[in-house]
Amino acid sequence: MTDHALAAVSLSKHFGTTRAVDEVDLTLDAGEVVGFLGPNGAGKTTTLRLLLGLLRPTSGAATVLGHRAGSREARRHVAYVPGDVALWPQLTGLEVITLLGSLHGRLDSAYRDRLVEAFDLDPDKRVRAYSKGNRQKVALISAFATRAEVLLLDEPTAGLDPLMERVFRACVVEAQDRGQAVLLSSHVLAEVQHLCSRVAMIRQGRLVTVAAISELRRVAGVELDIAGTFEDLSAVAGVSVVAVDSDETRVRVNGPLEPLLGALARGQVTSLRTREASLEEIFLSFYDPAHE
Amino acid sequence: MGPRTAVGVTWRQLRLSTAVMTSLVVAMVALGVASYDLSGGAPAMVGTLALVRNPAFRALYGNFSTLDTAGAFVLWKLGLVVTLAVALWGALAATRVTRGAEDVGTWDLLVTGTAGRGAIVGQSMAVLAVMGVAVGTAVFATFALSGQRLADSALYGAGVVGLVWCAQAVGVAAAQVLAPRRSASQGALAVVGVAYLARMVADASTNGAWLRDATPFGWLENLGAFQRAEPIWLVALLVGPALAVTALLPLARRRDVGLAQWTRSDRAAARSGLLRTPWRFAWRELASTIAVWLIVTAVVGLVIGYLTNALVVFSRGDPSLGRLLARWHLALLASVHGFVGEIGATLAFGISFFVVSAVATVGGDVSAGRLDLPLGYGAGRRSWLAATVVATAGATVLIALVTASATWIGVGAGGSSLAFGAALGAMLNAISIAPLVLGATALAVSLAPRVAQVVLAALLAVSYLTAVLGPAMHWPRLIVEASLYHYVRLVPAEAPNWRATVVFAVLGAAAFAGGLSRFRRADLVA
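Read top to bottom, the protein sequences are chains A and B. Numbered per my numbering, the first sequence spans residues 577 to 868. Numbered per my numbering, the second sequence spans residues 180 to 705.
Chain B extracted, bound-state conformation (with noise of 0.2 Å):
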């Protein structure tokens, strides 16, 4: 093997994501800045100060103290997705290059090469360092030429590059103590989400600065670019990951290629209950994917759910927070009912990315051939890809159930009071829009089954952004209308969308039973 050979096998792993991360990052930031001069920029933001220092929109947004630049306005609006996007991106792809490469054997071939594993550690640490820098160039870049200030938008551009530092830091450092690769990739996960929720924390806490200092969310933060900027901040993000990694380097040598510290014991007691049908078997190939999922949105549903009181409580007590909520069309927000709502709205783009995720494990199989022995063994294709489909259906009503328990009774330990149902009906509400996905995928999966999860992925991504930002920019009604978000109303503070949800379903239906139909006629090649 050549000396460079780890470089280009990482290359070649990253590159679609690195575009794909690029091009969302470039979208949101350059459309966030439209919507700002649109919304009527600084002079429209007077007043604001109220809901940006509220504890609950300081949970959700981060800590700001004023809007009064573009910038600013972007980090405070789309901070949240920019970020987690960002981090979760860069710590699955570690795990990716790292984990990944080794349990597919791609490692033995390097390491046996003249370049030696330090050096092939190194290589692949360098690509995944400069995939970091790509995303957090074009964050400034298109801060910078859309008229933002270079200082600031440099200053967080570096940040940008720091935090996928620390979260690809995070990755490697569970690739070296968790194998196989999903487990590493759910302890990378984890550990990126108890550091967002310590910065939210944080955030909402009057005296948690301490633990906003903890967390590589709570530096970019307080770098404070486009607010009261502290670059010293930098110095955690960039240098932090590189003395984590070096410090990580020596592990990597020692252990043998393919094993990690703690890798899950090899050997298992046989678990025949779900391996009778495809229908059975479906629950068990999701049931990792739909334990982290219950996880997840229960400590969310907890969290947000504690931090309804702050938002309502305070919005009842300032009548000025109540103008500027409804001036943004957000007065729903300012009652817990409306607040539990935005919880919903929001579940109901994260379940859209678990039914793409579980239901394209079948496109997967296919690529990975994994399917030939099921299929030559008697089982019907229509059968598998409808048992997915289902299990995955079934998790969603599940997901909903446990977010609704988990919001209901953080509303509750928040000291505000909100009935089971209403929790139920925004949680249920929310999955109104699972048939057309769970559909659309199907049908996905069967046309394309390699590409069928990013591309629906980058769709949905579009699809949620149009209906955030869409209304504010006044794009034409026809392009916001094809939203999918655009028709998940706030229940329970609104009625929920009959006519939306039946013609989800009808029309859910209609690309399952194409799916259906494709998949049992087409080749399955691997």
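One chain only, chain A, in its complex shape (with noise of 0.2 Å):
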């Protein structure tokens, strides 16, 4: 049997009375980008920190291509990108750059250059002189660079602008064409979507699911709005009525079609336009109960 690329199992951290990570599963094969979402003090980070061995699990077991996450075999695998970037403030960017390439044992010059172009980063400043998204970029190069198998993002794109976002997106088609395998957390749905074949949903500790972008469509359902005489379709099987106004009608539809067009075929329908659920929709209806 193949090795995943990165899997953890029944993976737990408590911190005292806090389940801050809770029996997770998640598994992720070579060339895959799985979105890693949740709101805010979920568990993302902690996970993440995890799968890198800087915490060690309460129980289960995480690895990384069938190294245990943290062992030293399993850290020549992985390359790394916090949320919060904290660097040797003395350090110019290149210095810390080489630092970490040399730590991990493998760097590609020419793609680090490539890299550096790419983002537009002055590597002979110091590090205290970089802004926050300076030093994200410092952060993206340094992981891009060193190829590794593995990369875990943890809000990678949190204060870059929309020019790097691209050139960000760019770097991880690049990398999932290679073969490497992303984990991506990030509040930036837009690019999850963008990017990712597969999402997992983590809240309070415990995911809440994984599956594919359009799974998660299916399951969340399809929107129509529709326009002419017919029925109360409010009574028809997995039909909700979200909204009424003089022209339309829109609803929602959790399972398959046909209890719906046959309702409508009865009547006389003049207009008629789907809509699949966007991330958003479907993140907002994992974790807003407000929202409908």
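Just so you know, the hints here were simulated from the structure itself, not pulled from any lab data. Where is the CB? At the ideal position from N, CA and C, for every residue including glycine. Please note that a few of the clues may not be correct.
What follows is a set of in silico ranges between Cβ atoms, one per label pair, in the way DEER data are often shown [what the hints assert, rightly or not]: (1) B:VAL681 <-> A:SER685: 47 to 57 Å; (2) B:VAL478 <-> A:GLU693: 43 to 53 Å; (3) B:ALA448 <-> A:ALA637: 36 to 46 Å; (4) B:SER196 <-> A:SER586: 39 to 49 Å; (5) A:GLN769 <-> B:ARG697: 57 to 67 Å; (6) B:GLY573 <-> A:ALA766: 20 to 30 Å; (7) A:ALA637 <-> B:LEU430: 52 to 62 Å.
Make one complex out of these two single chains by using the hints.
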């Protein structure tokens, strides 16, 4: 059996009575980009720190290419971008990249130079003179330039401008094409929707779902704006009416469309538009009790 | 931001160190007074004048004419430690709340509030000033409560306030002209160090009074508390720093927040030689700290080495001084080897603080989250901690070598002869305690990275006071023998304490192994 690029099995971390991460099961395979979503304090960063070996699990286990997370073998295959990048203020950007590349053991110098140019970083500046966005760039360049098999990215675009976000997305796509696995924790849902094939959602330390975005959309249902004359649709199986105005009725369908289509066939429909739920709507449906 | 926000922020930053410093000073003064009484009081001090007026002793302990009160005795015996400690603390506290706060962006939030920059600076200065008053008041109260003359107690207490204010003014000035905080702190410490050296030179020479009048340490001495009071010097001590800070305020208001007059260039060519492994990077991270220690110990070794001849020649020519030293169990000081051994014993105290501050950088890096990236990129935790410990150990040997060389040169220049091997032996003996301090700090960092430095520094200070005052105060043997410094012999006048050296090495190795094991398993939380 081939080892997963990254695997967490019943991974738990408790701080006293607080269950920061609770029985998390998650796998990533080579070439896969998985979004890691959840509200603030849900346990995303704690999970990533467990996968890096910076925190020791209370129970369960995590592996990188079959090696225990945090072990010498596992560390060789991982690169990390924290959400809050803390560096030595007296070092220059290039020195930080060199240090991290040397510690990792692999640094693609040509790719590093390309990344420095693409991210428009002045590498000879000392870290203390960098803005938050530039410190983030240093961490991103370091991570991508190692060509590590597994990239753990914790809100990596916080502080980047839209142009740089675009560069970041291109880097992730290139990493995926090279067969690198990426776990991307982010609050930028458009970014996750654009880059990830699957998403894992965590709430109060527990994974509430791990699924392909298409599957989540299916579960979240489809919305239809319908104009015309037809019977009361709220009585149709699997259909809930979201809004009604003088021209149109908006309904959401969870499950098969046949009952709705049957009801509409008995009336007279003048227009009909369908719309899939965005990742933001799916996210809100998971976390915001007020969201319909 | 509310109008008194800076007061709260500054107070929170300084309250712990103020409490520690106040407690330390109170303990030293109280113990000093008690040790005077236990030593026999004024009658026992008869005949001490020869020693007190010896140029070498004047350089070390200050310019005193009599020790006929406990107050004078405390100032003579402990004035060096008390004044240096409060001055260094004052300077560092000032750079911390001014330059440090600007470095981390706290002032960005404050100056954009309703109070305005001038008010923020003023409030920070006010809190610093109150901290100085707190320490000075504690000194006054301790002297007064132990039965010393109220007027002299108040005079010295006010003098301590002034000394702290002067040091704080130096820190504030350094923060205006230097950035980042590390540079500002080093600049302020250098000024305080030079001022202290000027006082030493002034007291050791016959025509150096003008130099004494030029430094706050000299002003404090000129106050003459418990001697021949000259309160006029309070004007210099109290008004001087107030004028200096007032003059600095426009400078603070005019410049950009976060920048200084002479900020080190923010650009530099990459130097990758010490970035390849944790073992090399440890040297890179400690380089500036090591450089400062090398300079300080070299200067101190040169100056005190130079003074050795004055003491030795003087004591040889005055049999009563020899007898006095013998009565105080200080007979060895009357020889070059004994005095050099004393320099070594003092270095042992300094070197242990160096070790704690250097190894505790790992704790600082953990707390700041700086280890997340290197450890996430493959660096091993044990390697990281071990690399810092090994680099620190190497640095202690370097410092011993440089101090030995400087002392040897100083002694030679002063007119005495000393074999280089003897000087080297004294300084290598000084670092015999380093293995235990290294191991203990590594263990403390692995257990409590945030507070390791403060806790160990406090323990070392208590240990030093125990070794210095314990025997004179007839403390129980068990307590005195618990002090690390009790085991440091005056090499080369005495034979090295090999047994203690081996025990320190074994205990240090065990603590180091425990620290590595614990650090490997610990949760690293920024």
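Each hint, compared with the structure:
1. B:VAL681 <-> A:SER685: 47 to 57 Å: holds (49 Å)
2. B:VAL478 <-> A:GLU693: 43 to 53 Å: holds (48 Å)
3. B:ALA448 <-> A:ALA637: 36 to 46 Å: holds (45 Å)
4. B:SER196 <-> A:SER586: 39 to 49 Å: About 45 Å separates the Cβ atoms of B:SER196 and A:SER586, which means 39 to 49 Å holds.
5. A:GLN769 <-> B:ARG697: 57 to 67 Å: The hinted range 57 to 67 Å is violated for A:GLN769 and B:ARG697, with Cβ atoms some 44 Å apart.
6. B:GLY573 <-> A:ALA766: 20 to 30 Å: Violated, since B:GLY573 and A:ALA766 (Cβ atoms, about 52 Å apart) do not stay within the stated range.
7. A:ALA637 <-> B:LEU430: 52 to 62 Å: For A:ALA637 and B:LEU430 the Cβ distance comes to about 58 Å; the hint holds.
In this structure, the earlier hints numbered 5 and 6 are contradicted, and the remaining ones agree with it.
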